[in-house]
Amino acid sequence: MGDKVFMQGNEAFAEAAIRSGCKFFFGYPITPSSEIPEYYAKKAPSEGLTFIQAETEVSAFNMVAGVAATGKRGMTATSGPGFSLGCEAMSYMSAAGLPSVIVDCMRPGPADGEILGSQGDYNQLTKGGGHGDYNTIVLAPYSVQEYADFAPLAFDLAEKYRNPVVVASDGTIAKMMENVEFPEKIAPKGRSDWACDGINGRDHYNDITTCGDGPEQWEKYNLNLQSKYTKIRENEQRWEEIQTDDADILIVAFGSLSRVCLTAMRIARENGIKVGIIRPITLWPFPVKAFEKFADKDVKYFVTELNAGQMVNDVKLAVNDNKKVEFYGRLGGITPTPVELYKKLCELYK
Amino acid sequence: MKSELIFSGIGGQGTILMGKMACTAASKKGYNVTLSPAYGQEKRGGRASCQVVISEEIGSPIISEADTVLVMDEKSLKDYEGKVKSGGTLVINSSMISTKATRKDIKVVEIPFTEIATKVATAKSANMVALGAVVKSLDIITLDDAKEVLKIKMKPALVDANIKALEAGYNFVK
Amino acid sequence: MSIVYKRPEVFTDEYKKYCGGCGHGIINRLIGEIMEEENLVDKAVLIWPIGCSVYADKYFKTDSICALHGRAPAVGTGVKRSCPEDLVVVYQGDGDMVSEGMAEIMHAGIRGEKFTVVFVNNSIYGMTGGQMAPTTLMDQVTTTTPYGRKDENTGHPVNMAEIISGLNGCYYSERVTVNSPANIRKTKAAIKKAFKYQMEGKGLSFVEVLSPCPTGWKVKPLQALKWIDDVVTKQYPLGVFKDCGQEEK
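Residue numbers (our numbering), protein chains in the order written: chain A, 1 to 350; chain B, 1001 to 1174; chain C, 2001 to 2249.
Read the hints as simulated data drawn from the structure, not as lab findings.
Incorrect hints may appear among the rest.
Covered by chain C, per the in silico footprint, the following chain A stretches (three or more residues, Cβ under 8 Å) [claimed, not checked]:
#	segment
1	62-75
2	133-147
3	229-242
Pulled from the structure, derived: some chain A residues nowhere near chain C, Cβ distances all over 12 Å [unchecked claim]:
#	residue
4	T31
5	V58
6	K127
7	P183
8	K185
9	C196
10	K300
11	N320
12	K324
13	I334
14	K350
For each residue, glycine too, the CB sits at the ideal point set by N, CA and C.
One chain only, chain A, in its complex shape (with noise of 0.2 Å):
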């Protein structure tokens, strides 16, 4: 590990990125995932890389599917107006089952909306998107440092499960700088057996497609994905706990946003009132573990989410409908500050 860097998170994601060996980066420019590209750009003929500004976010995503698809790390980073583009390529990525890391810097929409901090693509990211029964890892970070560790993460889980992951950051964590320790450059891998890079003197062909042959084989091929999600869900829920263990009220939030229910939480205990915090991680899987030890405590949600209510839906599956959950969110790019937090939770549980 080396010194701390005072950088904006998009930038350390993409220095993690380059460090973790993805040496290639197709992408469209987009508001507020642009300096991604951009760092990619610069950093290129030092560093080796292929850097593409493609036509479209469609072409882009589709580009990672090829570099993918030769068993190398390749990624993209955009923006939800450009995730809707790109969930075609989702979708066949999680089909053909090709390891790539795809960043969502979420802004507010629906369409063009507006380009601050926002979590509206929540559902779009865990529920798939694309089309056809399909999911994929998604990790959601809450500071620059996190940021920048997921990008190592991220390859490994999608190699690990020949899956796409994306990292969910937003307006707020993409563009917010602090202080960042990065890890050692890797070596690049070696082939990986599976991989379409021409036969180059392995002993067999491979072939990547998602057509079907017909409806008994495409059932077991589904079939052979949903295995692989039960595996990824037993093995993957990330979340981390804050003051749970004697708190009265539980905080579930993610992001950039739990950053915010931190200082609303201490406000909280400064007044007397336990409040701990349930941290998701994985978005999905989502980490209903997490709420399994709670289950006999007498403890009441809080769930607050940059949205209209799209991961509360997750947290009252998670509870079974027993405990009582309340909302809070706010629309349009705008982040409460941790005492509009705090007076919410007081109201919703006076």
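Given chain A, work out where chains B and C should sit, using these hints.
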């Protein structure tokens, strides 16, 4: 210890640079620092502001009430006077702002940044005069800390003039 | 007894799901023959479209990727940038390329991607049941132009080989057809030249092949071959539109 600061002005006035310098100074002393910038959609003459949180533990990048708020133009005063914590400091660029602050529960410091900068250096150093005035209101960063950062961040040829501007801003505040 | 004509070794045993009289089988075979003759099987990554050749990944003992509708040039870009030493062949039909994937093919040409595109133009959507393509001829009857293609509603056919040749990134562009043994030999020569340019690291090499679709055109196979000569080539003239290799000599 914790400090929450807001710097607000128009693009080109160096508000983000001031925020970055405050962060660098504080992080050299081991604090967690977070800078959240906000830009207007327009490329020129738009809003440029940042929120800076300096603290021992990681927390909200969004500030409920700031210890110190620096406003560089009229609209920033209108937008951010209400964000100063009771007992906190509002630093006003009186070279560009003629409106008076209305709050009585905060310390209001009016400084003609441009005039002072022109006197000790050039008008371009107005933001360093401003930073000096902000540093005066803080316990967490000293004048020497700010000077150190300035020496690292600026071209050698510009350091002396900007240190003079920084000191002038610092000493202007009583 | 010596064997003068046999199935390319690079073909798998898979039964080819093409209609009688279709040109895809011939074009697939030519690609296989050239790869064998030029020792390129080991280096090949074939990228297939959505359309009648969607199952072609099953016909070759090479690495194959079946892309989504229209996206083969984007996938090909990723593959070729990752493996510049490989032979990357992007194989597309006219619905796939000229409709759904117009942006992808144009920008692959604009960037001068160093792969080969084999564009199979039969002026109709075969797989989905004979609908109009952007390449459908004026007055041609399809299931979505039941009264013939009319200018005022659908515009005119698109001449891709000419359009691509106008891009700086294009190194070679030629239109050929497979409706006679002589034309098949010319098609083979064109694809062979395109592969050669690719392996030399040149820009985009583009071969448009006019291909018969008796099923979609609702004619007998022999009539389809004749229709190419009599009608199709009037809209889509055969020939070389750009050959930077020739110009260099």
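Hints that the structure is at odds with (numbers, increasing): 2, 3, 5, 9
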